[in-house]
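Going down the list, the protein sequences come from chains A and B.
According to our numbering, the first sequence holds residues 5 to 155 in order.
According to our numbering, the second sequence holds residues 7 to 689 in order.
Keep in mind the hints are simulated off the structure, nothing from the lab.
Please note that the accuracy of each hint is not assured.
Capping the alpha-carbon separation at 25 Å, the derived lysine to aspartate or glutamate pairs in DMTMM-like fashion look like this [as the list claims (entries may be wrong)]:
no. : chain 1 : residue 1 : chain 2 : residue 2
1   : B       : Lys571    : A       : Asp75
2   : B       : Lys245    : B       : Asp226
3   : A       : Lys33     : A       : Asp99
4   : A       : Lys42     : B       : Asp683
5   : B       : Lys310    : B       : Glu19
6   : A       : Lys42     : B       : Glu570
7   : B       : Lys586    : B       : Asp600
8   : B       : Lys571    : A       : Glu89
9   : B       : Lys655    : A       : Asp87
10  : B       : Lys245    : B       : Glu218
11  : A       : Lys42     : B       : Glu531
12  : A       : Lys42     : B       : Glu616
13  : B       : Lys478    : B       : Glu500
14  : B       : Lys655    : A       : Asp86
15  : B       : Lys383    : B       : Asp100
16  : A       : Lys42     : B       : Asp644
17  : A       : Lys42     : B       : Glu622
18  : A       : Lys42     : B       : Glu328
19  : B       : Lys206    : B       : Glu222
20  : B       : Lys571    : A       : Glu73
21  : A       : Lys33     : B       : Glu328
22  : B       : Lys655    : A       : Glu89
Partial list, computed: chain B residues near chain A (C-beta under 8 Å) [to be verified]:
no. : residue
23  : Val314
24  : Tyr660
25  : Leu661
Predicted model only: the values in this text are computed from it and were never measured.
Here a beta-carbon is modelled for each residue, glycine too, at the ideal position from N, C-alpha and C.
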Amino acid sequence: MSEDMKVIVFQIKDKEYAIPVDKVSGIEKLLHITRVPKAVQFVKGVINLRGVITPIIDLRVRFGFEEVEYDDSTRIIIVILDDMEVGLIVDSANDVLDIPVDSIEPQPEVVGHLASEYISGVAKIEKRLLVLINLEKALSLEVTENMLKEG
Amino acid sequence: MDMNQYLEVFIEESKEHLQTCSEQLLVLEKNPEDLSIVNEIFRSAHTLKGMSATMGYEDLANLTHKMENVLDAIRNSQIILTPELFDVIFLAVDDLEAMVMSIAEGGDGKRDVVKVVNQLELIEKGEFQVLSSSIAEVAAASAVLGKEEMTAGEYDEFEWTVLQQSKEQGFNSFEISIGLREDCLLKAARVFMVFEVLEKSGEVIKSHPPVELLEEEQFDQQFTVTMVTRESAEELQKKIMKVSEVDRVVLNALDFEGLRHADNTEEDKITAVNKQEQERNDAEIPIDNKEKKKQASVKPASSKTIRVNIERLDILMNLFEELVIDRGRLNQISSDLDNQELHETVERMSRITSDLQTIVLNMRMVPVETVFNRFPKMVRQLARDLNKKVDLEIIGSETELDRTVIDEIGDPLVHLLRNALDHGIETPEERLGKGKNEEGKIQLKAYHSGNHVFIEIDDDGAGINKERVLNKALSNGILTREMASTLTDKQIYELIFASGFSTAETISDVSGRGVGLDVVKNTIESLGGSVTIDSKENEGSIFLIQLPLTLSIISVMLVAIQNEKYAIPLSSIIETAIIKREDIMNAHNQQVIDFRGKVLPLLFLKDIFEVPVSQEEEEFLSVVIVRKGDKLAGLVVDSFIGQLEIVLKSLGNYLASAFAISGATILGDGQVALIIDCNTLIH
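Extracted from the complex, chain A is given alone in its bound form (with noise of 0.2 Å):
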């Protein structure tokens, strides 16, 4: 018997990644996104989460894919963050996923160009390879900060 964590399962660029489900608030449609001037680039602005005012973060250019134009598959996944929410655009969410924690590997040496630090672990179900994300890592304002520097 193992234990099985449930997680959402969103699309970026063919691969497939995952967040534990308690992490996440909601998953919006595309709404009007107000871009914030001088700000890091992958964030794309703030939007109105009913009466909140939500920072958007671009997955692809977080992860440093290029972008796309959004579409109608295009969501909004909103994630808790240290208690605050932050809006994360993906090329689509389909899915909740129930994945045996057994099932987590750590990850393999070379995972493209994805930067090893904001991977928590891969999980291999049936045929589908899951990329579990560590959010504080991928969001933190620290790694940002870095991240800017090198940048």
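Fit chain B to the known structure of chain A by using the hints.
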């Protein structure tokens, strides 16, 4: 019994009682002969003792008890009031405050109070010996006092008629004086029970103190009731004695003749006093003023209030903000649809929400008194520490401000007051030498004006020495010599707000570490306010603080920059203008225009904010002229959309460092507009 649910009330009430104590002590210090003030303090201390004992805070109860003993002795004229004695009592109040604070912060309210307790005990004992000779006299005096308390005072005409008529109809009239037990905790409840008994047996005509005060436990152990009844004195006495914690009941049948007589003499006395007062008034008007003030402060108007948790008000405010946003949205929809009925309904709703807005905002308004009331004690202490004589006058403490502003404004004010005391007011000798009154004067004044509240701190001290300020600024490298020669007086005064500035020649622990005034300025500016100084050498200085009434709903001008919308707070806008492109001139890589004879630098927001350009440039430019202090700048936008009230929202931590953006708001169409922070745009 679970005390937790009472804890909050206990803390709140303790704070109030302690506040009364400090306030009244200060009044007493000025009028040491007025023993009614001592009574007031005694009552507060007594209630506090009872409450803390009930809640199980032994230290608190102990110290209050000791203080009460001393107060009691003062009340009975066994102790003569001296400044040192006041120091000890103030110290005790300080300790009590510290203990209550510790309880409020979840502590156990324990504190080492041995020293103060000893001092209090010394006062109590020491004076007993000295005054043994006069005790007889005192006893006589208190006996007289006691007797006066026994009667329910004079009766007015109505009561008098009722009493006489009931006598004619065969009722007995009694004056009943009822004493509660010393350790009675729920006095109001006992009073209620006594009244219930009395009202079953007859009719209560009058009580002393009045019923309202009895309900608020504003009496010691004893109160007097006048009633008419058909029952006999013994029956009545037995009935009342059945109420628990009643110590003794004394019934006196009313002596109509004697009463009437007493009544008359009382009246005579009053008229005599009035006459005296009249004469005094004619002679000296200032005294009259002082007395009026005293009366006003002794008897604050009691209004009906309930305590509401601040959190609930915040939730209400948030919900209301949502409503304001939806109202904007509805307005827009109705103007799009152009339906007469919808128009009218939306119009009505707008009006109602505006009223609601006023009410909700008013609910969050707190009188500045809550901040000001701790100052008299602080100033007194500080003046004693510095060996200066200072009279602090507070005006307009009823002026109201949003709670968020109130929370922040305390520290800056403390700083400015300390500054005025330490640097402003001179020592008594210096003052006498300058031909001024030995006692310095600091005036703390709050008042409304338009959408702002002003707080003025005005001292009649030495004023700001321009030379010294300039020299200091030069030596600290805040200023160059060339700049120094061009500064106006006001600009020189402003220098003391620069960071790393301190003119006090000797560093005291009061102020003068050079970390002060710039923090004051920053705090006030972060609240959307401003602070200015005016000063005259040897005549004093005025610090004027301007604060917005509320922080959460502000008026803005909405402008468009290409396809984006931005909001500019009306508070920083001077005016708007349309200028021709060809009127723009270049000066030092800076585009400027000549505006009413002044050179006005232009800031192109679309370049500063890197707005994606999609529209053709036009021949005419829309300019919003904004100011920061004395500096002006023109913000070039593409078009003005209009003026509206918006709900200020924070961008959140993630974007806290956004450049020149102070926050965001949600527009009627549900989109987010950013609010421009003019202060960071103008250097």
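Now for the hints, and whether the structure bears them out:
no.: 1; hint: B:Lys571 - A:Asp75; result: holds (24 Å)
no.: 2; hint: B:Lys245 - B:Asp226; result: holds (22 Å)
no.: 3; hint: A:Lys33 - A:Asp99; result: holds (15 Å)
no.: 4; hint: A:Lys42 - B:Asp683; result: holds (14 Å)
no.: 5; hint: B:Lys310 - B:Glu19; result: holds (16 Å)
no.: 6; hint: A:Lys42 - B:Glu570; result: holds (14 Å)
no.: 7; hint: B:Lys586 - B:Asp600; result: holds (11 Å)
no.: 8; hint: B:Lys571 - A:Glu89; result: holds (24 Å)
no.: 9; hint: B:Lys655 - A:Asp87; result: holds (17 Å)
no.: 10; hint: B:Lys245 - B:Glu218; result: holds (23 Å)
no.: 11; hint: A:Lys42 - B:Glu531; result: holds (24 Å)
no.: 12; hint: A:Lys42 - B:Glu616; result: holds (7 Å)
no.: 13; hint: B:Lys478 - B:Glu500; result: holds (13 Å)
no.: 14; hint: B:Lys655 - A:Asp86; result: holds (19 Å)
no.: 15; hint: B:Lys383 - B:Asp100; result: holds (10 Å)
no.: 16; hint: A:Lys42 - B:Asp644; result: holds (20 Å)
no.: 17; hint: A:Lys42 - B:Glu622; result: holds (23 Å)
no.: 18; hint: A:Lys42 - B:Glu328; result: violated (28 Å)
no.: 19; hint: B:Lys206 - B:Glu222; result: holds (23 Å)
no.: 20; hint: B:Lys571 - A:Glu73; result: holds (22 Å)
no.: 21; hint: A:Lys33 - B:Glu328; result: holds (21 Å)
no.: 22; hint: B:Lys655 - A:Glu89; result: holds (14 Å)
no.: 23; hint: Val314; result: violated (23 Å)
no.: 24; hint: Tyr660; result: holds (4 Å)
no.: 25; hint: Leu661; result: holds (5 Å)
The structure fails hints 18 and 23 (numbered hints given earlier, in ascending order).
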